[in-house]
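**Q** So the protein sequences, as listed, match chains P and Z.
When the letters of the first sequence are read in order and numbered with my numbering, they come out as residues 10 to 536.
When the letters of the second sequence are read in order and numbered with my numbering, they come out as residues 174 to 517.
Read the hints as simulated data drawn from the structure, not as lab findings.
These figures come from a predicted structure and were not determined experimentally.
Among these hints, one or two may not hold up.
Claimed, not checked - In silico SDA-like pairs for lysine to any residue, Cα to Cα no more than 20 Å straight-line:
(1) P:K141 to Z:A479
(2) Z:K319 to P:V18
(3) P:K25 to Z:E494
(4) P:K476 to Z:E242
(5) Z:K483 to P:V18
(6) Z:K483 to P:P479
(7) P:K470 to Z:E242
(8) Z:K319 to P:E142
(9) Z:K220 to Z:E242
(10) Z:K483 to P:G75
(11) P:K470 to P:V480
(12) P:K470 to Z:A479
(13) P:K470 to Z:E494
(14) P:K25 to Z:M446
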Amino acid sequence: MKNFVQLFVQIDRTTKTNEKVDALAAYFNEASDEDKLWTIAIFSGRNPKRIVKTTQLKQWAAESAGIPYWLFEECYHIVGDLSETISSILPDYSSASSLTLAQWIKQMQWHEQVAEEIKKKWIVDAWKQFTKEERFVFNKITSGAFRMGVSTKLMVKALSKHTKLHENKIAHRLMGNWNPYTITYQELLFNEDGADELSKPYPFYLAYAVEGEVHELGDISNWQAEYKWDGIRCQFIQRKQQTFIWSRGEDLITEKFPELMAIGNQLKYDAVIDGELIGYKENAVLNFNHLQTRIGRKNVTAKVLQEVPAVIFAYDLLELDGVDMRQKPLVERRALLAKLVEETNVPQLKLSPVVEADTWEQLIQIRSLAREVNSEGLMLKQQQSIYEVGRKKGSWYKWKLDPMSIDAVMIYAMRGSGRRANMYTDYTFAVWNDNGELVPFAKAYSGLTDKEMAAVDAWIKQHTIDKFGPVRSVTPELVFEIGFEGINYSTRHKSGVALRFPRILRWRQDKKKEEADTLATLKTLIK
Amino acid sequence: MQNNQLIQFTDHGMYVPQADVYIDPWKPVTRALITHAHGDHARWGMKHYLAHEQSIPILKRRLGPQQFESIAYGKPIQINGVEFTFFPAGHVLGSAQIRVAYQGDVWVASGDYKTIDDGISPAFEPVKCHTFITESTFGLPVYNWKPQVDIMEQINAWWRANAAAGKCSVMFAYSLGKAQRILQHLDHHIGQVLVHGSVQNMNEAYEEAGVHLKPTKKVDQSFDKNIFKTALVIAPLSAEGSLWMKKFEPYTTAVASGWMGLRGAKRRDSADMGFVLSDHADWQGLNSAVKATGAQRILVTHGYTAIYAKYLTELGYDAQEVATRFVGEQPEAEKQEEGKEGQP
Ligand SMILES: [Zn+2]
Ligand SMILES: [Zn+2]
């Protein structure tokens with residue numbers, strides 16, 4: 010555990026990619042295979058199963074520290090992170106455990122099913138063997154809450170340094186639903202015919218946003234333009250009569266969309282298709298909100314299937330008949346994809362249309378109308394581009410429409426969590442209704458500079474009307490410009506509208522609260 | 174608060190009506206007793222100041238020429254029949270708790286204090302009283318300080334590693350108190366210790382007050398850039414991100430503050446490193462100090478007042494929170510205070 014905690018501290022301390030990669034690689038060079046496997050798992054969000062409830066942890070910690078429960082809760086409010094609160098209220102013992110990460114996780118497994126008293130004793134005893142940092146990491150692991158800023162890209166780089174395997178190869182090996190409890194490190198990285206192989210997706214190629222003018226991309230005839238759909242980016246995998254659908258967040262979502270099985274049944278060849286899963290009805294793309302209601306649901310009912318039918322808009326062909334196509338140029342992949350979609354001939358699989366334009370000016374015109382087809386803008390892909398791994402600059406760009414925005418008044422502020430625990434960073438915004446009242450309609454944070462945030466934080470502390478827990482109501486006075494990607498009617502919200510991805514664009518210090526927008530204006534933005 | 178109280182909380186500050194004096198007032202008054210020289214306790218504009226003798230050289234530099242009267246620890250003085258005695262608070266040089274006694278009723282106003290001995294300021298001394306006015310800057314069980322030697326070891330190790338890499342180490346700390354505490358316990362074999370002008374100013378005040386500090390040099394134009402590569406520079410928090418920093422490139426930064434005990438504050442701070450070093454009492458320190466006074470009534474000022482007062486009430490004390498204008502709630506407190514240095 011010591012080595013792992015040391016690694017955690019090193020990564021946590023720096024924002025420099027190189028230092029993180031070096032720390033990881035150095036750790037891998039020393040660690041056992043078991044520890045390596047669990048480190049990869051934990052850093053990629055494959056946490057060991059949580060064995061203890063939050064409420065239990067809180068009670069045991071308060072008891073161990075000899076403080077009343079309410080005081081623990083207060084600390085938790087202020088710190089904003091449970092694992093940290095627990096690690097901080099107990100004394101900073103000297104490090105007394107020689108167990109490794111994998112050994113601790115094994116112990117955790119043994120204590121999953123035991124009586125509560127035994128579990129409690131194990132955890133409380135463990136706390137006493139740890140320094141503050143060790144205890145923090147231990148708590149994160151036992152509560153299944155370990156999240157850390159190690160991107161796949163970093164992990165891939167470090168593992169490539171350690172194993173000397175090619176980065177793209179490793180990226181592919183780390184995809185999919187491998188299980189750290191059943192797989193070994195050797196199998197994960199080196200064994201190419203494991204049981205998970207069939208379902209393994211390819212790393213997605215992700216585009217950067219266009220910077221500056223599109224003209225700078227050169228001759229338009231070298232580029233293929235497509236609509237950028239607002240759905241779930243996914244990989245549809247058909248291999249040996251089995252179908253798997255992966256979201257870009259690496260969730261297996263096959264079962265949520267049974268109607269898409271029809272594609273698998275009709276495909277003449279095994280294939281891996283990169284596409285967008287979208288709600289589609291009466292020859293039109295539905296707003297993302299509709300699809301969202303389907304994702305959250307446990308059961309797929311007949312009603313849902315009828316109200317929000319899903320289809321896949323195919324963008325790209327990554328594998329055909331068992332052959333990896335990613336190194337072929339886009340034009341070629343696209344031609345094969347078009348043929349495949351046509352031959353398959355099912356309504357659930359559509360070829361995402363190419364947008365034709367002879368000049369950039371024409372394309373700018375088309376993009377400005379993208380919202381009319383419920384698209385977010387355009388994608389620009391170089392005709393000769395290969396299908397890369399991860400986010401790479403150069404041959405693919407997203408060219409989104411500017412977000413919608415509105416001026417709103419801050420009425421509540423909440424303490425940030427985790428790293429911003431002592432500061433008010435999450436705000437609730439309101440607009441005026443017809444009766445001259447402020448109606449809350451969105452929560453947003455970030456978008457401000459550190460300086461602005463500190464200033465707003467200080468202002469909040471001086472203009473508090475009321476406090477409830479971590480929330481303060483404040484004098485309605487400050488105006489902010491709120492940007493968002495989409496807006497829809499909602500019965501769940503007081504304002505009657507729900508925003509998609511609201512965020513703060515600017516602090517409008519030039520505006521008085523009376524100048525903020527109205528709910529009526531907000532509603533005109535709904536199509 | 175009732176009118177017959179020995180110390181009352183007014184809009185000018187803590188007031189002792191029987192003697193017509195204020196303790197750490199925040200608005201101009203005739204007679205002010207000053208616990209210590211930090212900006213939120215010692216403000217400009219009082220007709221007459223009374224402070225511990227080692228506080229005076231600092232106050233002179235911060236407030237300019239004023240009517241100062243000095244007093245030693247443990248030497249009572251009478252003002253209109255009220256007895257005032259200053260006792261060490263262990264916070265910064267010259268910091269004092271002020272004991273106020275009148276007709277058998279004894280109060281102690283703590284000012285800011287820490288219970289561990291930092292090796293420079295005379296160590297905190299518990300004083301028996303009936304009513305104890307305590308600060309509560311770190312009045313939460315999550316704040317538990319490690320021993321000073323451990324933290325100084327961390328700081329030295331950090332400096333050593335930077336020096337080995339040829340990078341200048343810039344340490345941000347309060348120019349009054351924290352800066353001297355750090356420089357005194359640094360391993361000066363690693364390299365040259367340099368200080369910002371405002372730290373130098375305070376160092377001179379310490380020397381004048383009879384404290385012998387380890388040798389440092391004020392940063393100026395004459396330095397050969399090579400010196401910076403292995404040097405440690407102590408600067409106030411207000412220097413962070415300023416043009417003054419440019420000359421030290423390549424450099425790496427750190428902050429020494431009690432707030433660095435929480436990951437949130439540490440990450441939010443733009444410094445590369447955070448060391449948990451405070452001149453205030455931690456949770457255990459507050460509790461032991463309260464207990465040692467033997468006081469039944471505890472008035473809790475700046476910090477986590479409501480929470481700490483509630484906790485003490487549950488322990489059986491007659492505890493109340495009191496609003497003051499001392500800085501304490503936000504982690505930016507230290508920066509704000511730095512900004513207030515000198516004349517308003
Ligand atoms: Zn102070
Ligand atoms: Zn103070």
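**Q** With reference to the structure, classify each hint as holding or not holding.
**A** Consistency of the hints with the structure:
1. Between P:K141 and Z:A479 the alpha-carbon distance is near 27 Å, which puts this suggested pair outside the 20 Å criterion.
2. The straight-line distance between the Cα atoms of Z:K319 and P:V18 is roughly 18 Å, inside the 20 Å bound, and the hint therefore holds.
3. The hinted pair formed by P:K25 and Z:E494 fails the criterion: a straight-line CA distance of about 44 Å is larger than 20 Å.
4. A hinted pair counts as satisfied when its Cα atoms are at most 20 Å apart, and P:K476 with Z:E242 does not qualify at roughly 43 Å.
5. Distance hint between Z:K483 and P:V18 is unfulfilled; the C-alpha atoms sit about 35 Å from each other, more than 20 Å.
6. A threshold of 20 Å between alpha carbons decides the hint, and for Z:K483 with P:P479 the separation of about 18 Å falls inside it, so the pair holds.
7. Under the criterion of a C-alpha separation no larger than 20 Å, the hint pairing P:K470 with Z:E242 is inconsistent with the structure, at around 37 Å.
8. The hinted pair formed by Z:K319 and P:E142 meets the criterion: a straight-line CA distance of about 13 Å does not exceed 20 Å.
9. Of the pairs offered as hints, the one joining Z:K220 and Z:E242 holds, with about 11 Å between alpha carbons and a cut-off of 20 Å not exceeded.
10. Distance hint between Z:K483 and P:G75 is fulfilled; the C-alpha atoms sit about 16 Å from each other, no more than 20 Å.
11. A C-alpha spacing of about 11 Å is found between P:K470 and P:V480, which places the hinted pair at or below 20 Å, so the restraint holds.
12. This hinted pair checks out: P:K470 and Z:A479 have alpha carbons roughly 15 Å apart, not beyond 20 Å.
13. Between P:K470 and Z:E494 the alpha-carbon distance is near 18 Å, which keeps this suggested pair within the 20 Å criterion.
14. Between the alpha carbons of P:K25 and Z:M446 the distance comes to roughly 13 Å, so the proposed pair stays at or under 20 Å and holds.
When the structure is compared with the earlier hints, violations turn up for hints 1, 3, 4, 5 and 7 and for no others.
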